[in-house]
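**Q** Sequence:
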Amino acid sequence: SCDATQLCNCSSMGLDFIPLGLTDRITVLNLAHNRIRQIRAQDLQQAVNLRTLLLQSNQISSIDQDSFRSLGKLELLDLSNNSLAHLSPEWFGPLLSLQHLYLQGNSYRDLGESSPFSSLRNLSSLRLGNPWFSTIRQGNFESIELLEMLWINGGRLSQYEPGSLKSIKKINHMILNLRNATVFSAIVRDLVHSVMWLEVRKIAFNMPAEMQLLRVLSSCLAKKITFKQTLLTDATVPKIVGILEDMPKLVEVELIDCKLMGTGQWKLQIHANQSQTLKVLTIKKLTIEKFYLFTDLQSVEGLVSLLTKVTVENTKVFLVPCSLSQNLLSLEYLDLSSNLLGDQSLDHSACQGGWPSLRTLNLSQNSLSNLEMTSKSLSRLTNLIFLDISQNNFGEIPDACEWPKTLKFLNLSNTQIPKATACIPPTLEVLDVSGNNLREFTLQLPFLQELYLTKNHLKALPGAAPIPSLAVLSVRRNKLISFSREELESFKQMEQLDASDNNFICSCEFLSFIQQQASVGQVLVGWPEGYICDSPLSVRGQQVGGARLSLLECHRTLVVSLSCVLVFVVILVVVVVGHKCHAVWYLRMTWAWLQAKRRPKRAPPKDICYDAFVSYSESDAGWVEDVMVRELEQACPPFRLCLHKRDFVPGKWIVDNIIDSIEKSHKTLFVLSEHFVQSEWCRYELDFSHFRLFDQNTDAAILVLLEPIQSKAIPKRFCKLRKIMNTKTYLEWPLDKEQQEIFWFNLKTALKS
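At position 532 of the sequence shown (counting the first as 1) the number is 1695 in this note's numbering, and the numbers step up by one without a gap.
Just so you know, these hints were derived from the structure itself, not from any lab.
Fair warning: this is a prediction, and the values are worked out from it, not measured in the lab.
Glycine included, C-beta positions come from ideal geometry on N, C-alpha and C.
Please note: incorrect hints may appear among the correct ones.
Said to hold, decoys possible - 20 Å max Cα-Cα, derived SDA-like pairs, lysine to any residue:
(1) K1333 <-> T1393
(2) K1453 <-> G1427
(3) K1448 <-> S1493
(4) K1332 <-> E1311
(5) K1442 <-> N1533
(6) K1827 <-> E1796
(7) K1391 <-> H1336
(8) K1333 <-> E1305
To be verified - Estimated spans, in silico, between C-beta atoms of each pair:
(9) S1381 <-> R1342: 18 to 28 Å
(10) D1819 <-> L1729: 40 to 50 Å
(11) E1658 <-> P1371: 24 to 34 Å
(12) Q1659 <-> S1246: 46 to 56 Å
(13) K1568 <-> L1715: 56 to 66 Å
(14) S1164 <-> S1246: 32 to 42 Å
(15) R1188 <-> V1635: 38 to 48 Å
(16) L1170 <-> G1689: 43 to 53 Å
(17) D1562 <-> E1658: 30 to 40 Å
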């Protein structure tokens, strides 16, 4: 459970005892929120370098006398919220370096007959008390002369021996959580010269008769007094005010989370001399049940002229009377945040002559809705420099407003502004318009040094020229996708630019430029962790400072152009090679083969209606039609020949015509010549018969050489035709008439076979 700094965190581990094996290397040991019941003498014996020991929220009821004897370097010991029924001086005797001791929340009823802290010469802060703590005796704080903080939680403290705390010469911060006004008075009487800041908690000042007991406060030399979670009434407030005004050195008064039972009807009841030292008044979360019936505070107007700083926060203030504002002559700082001030009530509160010295005003989180009216009301404050009107609902703002000429700092964040207009004063040095709906920022602000545009909808940085003095710019959580080179050059003169948490499109130019800037880390706040690429996908989620893009992503246009050129060249090469290698012919042949394969291998006998299908070149048509057809079709018996000119079905696809004609014929008669070899038409017929006839190894093909032709002249792609001509007999047309008779006889015989 220990880290590199020897901080050992064993909290909330269900331990019933202090673990074994503690060494002298441990400096911080956290054993809080376990079930430890006892601290034994040997448990911490080896932890001689321990500085902090946290044992709060256990069940410790027993501590051996020598348990802390080796902890001479211990500086903080927390034993709060355990079950200690008594405190022994023997426990703390060896703790010579102890500065902070927390003992509240146990079950002891007193501190014993003598001081359990007499040996703690370096003690700085001490916390005591619990719901059963009832008695403080003389000598309980003997030997303690100076404390930074003393906290006594004594809700049932009923016995206090006078002089018990008088031995402490100085207490910077004293916290008293008491119910008994008599005990409170006795304690304060002992502390009138020693306490600097007195904090009073959970005490009810609701009985006017008890106020006399508090008169002792009027001689207290405390500079600050805080009332926290206390109860006040209309009857007791005037008396408390009178006491506080009499405190000779009081500078600051705080009321935090208090409750006032009344409506401020103190008129003619407050008879107090104005304090010459009281300068600061803070009221936070004061609950006034009938705040809407609260009076005009005329009774305190004569007591506030010397106040320089007033905070009234979260107290449902809806109006500051004009007369009260006019009496706050010395007021320089006013915080009225988290209240109910509206445009009309602000106009009344900041009336002519009101708050004449005011320099800082906080009106955030109120009910203001008209910026033009707000600015006009505040223009009467001729010394105003700092103004916070954030978290109001202004919405659309006008193009021109009237402001104090001294205004330099303006907070308009989270006010639903859709557009920044010239209503924003040009005198500003610091402007915060974060959390709005701004899509651009183009205002001319010559003196502006700091601009906060966090959480808007900006897609580009504001121009540098309209804001020449800008040194700090925050555009976090916008919709920036990149920086142009000009924008990057402009912010190089800034001291700080926070553009983290945007959706950067990490282009090559953007990455190249920003990664080349050696000083970018000195300018960009949150660099490099807060600058993450959103796109492209290859670098999404990577830090801008370390992202790298591929060649394709960086030079897409060039790569696409080269790819297109390469594809064109490849296609051109394929076309040329295909032409040279007769690729088209092979494709046609493949398609014909597929068509032929889908048909039956041989047509039924009843479908055969021709003796022969004649394939010939158009150049040889004269011989075929005038000589061969006449000879064969006029023979006895006559032969039925299929000629493409005569017998092909009009409108039918040529492939189907050729295949059908071949299949419906007993034989296929090829009239070969030089013209035949060169004829595209004959090539088609030969292509489609090639698979059908030659693949079946039949004698259905009859070759007639009309003129001598070498097999080498036949294209190489007709490999089977070449093979047949080299291996089988074919008929040659003779020029001699006597030989022609033999030719016709042989041809007729072949057709009949």
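**Q** Evaluate each hint against the coordinates.
**A** Each hint tested on the structure:
1. K1333 <-> T1393: At roughly 25 Å apart (the allowed maximum being 20 Å), T1393 and K1333 break the hint.
2. K1453 <-> G1427: 10 Å, holds
3. K1448 <-> S1493: 24 Å, violated
4. K1332 <-> E1311: 11 Å, holds
5. K1442 <-> N1533: 33 Å, violated
6. K1827 <-> E1796: 17 Å, holds
7. K1391 <-> H1336: 14 Å, holds
8. K1333 <-> E1305: 13 Å, holds
9. S1381 <-> R1342: 18 to 28 Å: 22 Å, holds
10. D1819 <-> L1729: 40 to 50 Å: Since the Cβ atoms of D1819 and L1729 sit about 41 Å apart, the hinted range of 40 to 50 Å holds.
11. E1658 <-> P1371: 24 to 34 Å: Cβ of E1658 to Cβ of P1371: about 59 Å, so the range 24 to 34 Å is violated.
12. Q1659 <-> S1246: 46 to 56 Å: Check passed, 54 Å falls within 46 to 56 Å.
13. K1568 <-> L1715: 56 to 66 Å: Between K1568 and L1715, where Cβ atoms are some 58 Å apart, the hint holds.
14. S1164 <-> S1246: 32 to 42 Å: 25 Å, violated
15. R1188 <-> V1635: 38 to 48 Å: 45 Å, holds
16. L1170 <-> G1689: 43 to 53 Å: 28 Å, violated
17. D1562 <-> E1658: 30 to 40 Å: 32 Å, holds
When held up to the earlier numbered hints, the structure conflicts with 1, 3, 5, 11, 14, 16 and fits the remainder.
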